[in-house]
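Hey, can you work out the whole structure from these sequences and the hints?
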Amino acid sequence: MTSINDNETIIFPDEEELNEENIFVLPYSKINDNETIIFPDEEELNEENIFVLPYSKKNYAIKVQLVKLNGKPFIRIIAQEEKKIVNFNYMVEMNEDDFNSQDNILLRPYRDIQGIYLFILGSFEDGMISIADINQKIYFNLVIEGEIRGYKNLFTFEIKLKMHECNKDDVQEMICNKTNELENENKNFESKLNVIEKENNNIKIQVDELNEKEKKYELKLIELEEIIRNLTLQNKQIIKNEEENKYIINRLLQIPGRENKNISLKLKYRMTEDGDSLQMFHSKCDNIPNNLVLIKSSSGARFGGYTDEPWTSGNNDVVDNNCFCFSLSNRKLYNVIQDKAALHNHSNHGPSFNNIFYIGADSLSYGNCTNCVQSNEYFSGINNNFEINGGNSEFTILELEFYQVIFEEIE
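When you number the sequence shown by this note's numbering, it's gap-free, plus one each residue, and the end is 1172.
No lab work stands behind these hints, which were simulated from the structure alone. Because the structure is a prediction, the values reported are computed rather than measured. Hints may be right or wrong, so weigh each one.
Derived PhoX-like pairs (lysine-lysine); straight-line CA-CA distance at most 25 Å [to be verified]:
| id | residue 1 | residue 2 |
| --- | --- | --- |
| 1 | K921 | K819 |
| 2 | K959 | K948 |
| 3 | K977 | K953 |
| 4 | K1027 | K1007 |
| 5 | K1093 | K1007 |
| 6 | K976 | K959 |
| 7 | K1093 | K1027 |
| 8 | K981 | K818 |
| 9 | K923 | K818 |
| 10 | K921 | K845 |
| 11 | K824 | K898 |
| 12 | K844 | K976 |
| 13 | K845 | K948 |
| 14 | K923 | K819 |
| 15 | K923 | K824 |
| 16 | K845 | K819 |
| 17 | K1001 | K1093 |
| 18 | K824 | K844 |
| 19 | K844 | K923 |
| 20 | K965 | K948 |
| 21 | K959 | K974 |
| 22 | K981 | K844 |
| 23 | K953 | K981 |
| 24 | K1001 | K1022 |
So this is what it looks like as structure tokens:
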């Protein structure tokens, strides 16, 4: 309002009315003043169908998706045991070139990925697709049978899915789906209770039944919480099964003089419990002979090494003709070359198996592999650079375990 005198009229500004406003947030990477915004890879889900197939007294949910990855169409197939919370599933992604490269007679009538997608859906609907084989946590094979006019015999086409570890989002989605299922059950219980209260003369008996079901629901929620805790532990577990444990024990039994011993492992250090301090590691693990180191990296590689010699905080190389390294992920051994100083001690490092891997550079959380395929100076069996860590020179450690290996006479 402007200032006025006695005879002036008050002048109000034009009225403005805001009817609607929307604010959107787009994802982008951190940028400086002159940088361009970079968007992540685009994924577009065009269509999805879910089928259920039986195998070995279990049901498996098969999710078939038609997706676009960066604008290119793919068929994605995901399989996992129905209504069960697990930390892995089986998955394959195939584009038109992938299908054409197999040159299967059943696929020849279909000229594009849309046609192949409809063929796969039709095979499910007609009961012409089945589970051929499952190797738990390794692969999952589907087989399609079909007829070709002019041929008497059935033709087959196999689709191979590989094990895929679920990330936190996948596990959370499974838990949410299961929780929603239980919540829907609980809502049904409440609905039944309302009907009972209005229509049934024997209210108390049926209310007691519903209360019992609600208690079961609470117990199921407790079970889900326990499953979450177990999944977290499994994600950090290094030795996954008894077969891998025997793989290490059998190699230890090949050490001269240890052939007929009882072997037990005594845990001395676990990084997720004891911390990643090198000082703490050396205080707990130095001067322990006959020791085993196990590592799991953030990329999923699992490997380790054994030595008769104790680790110390000195700065020196050590010869141990009985030491060896191994990859649990690749099921491969690397034996020491005799009379070579394959071990190195240092206060600023953890265990160091010279041209295989070493742990720590001021912290146990990181490690490094040596570019050693040409020299192969200390350990035999190395065919590719950094192969014990899946071809990567550096790694972040999710879990590190240090065991004292105890050899005892068999009674």
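Next on the checklist: Hint compliance check: list the failing hint numbers for this structure, sorted ascending.
Outcome noted: Violated: none.
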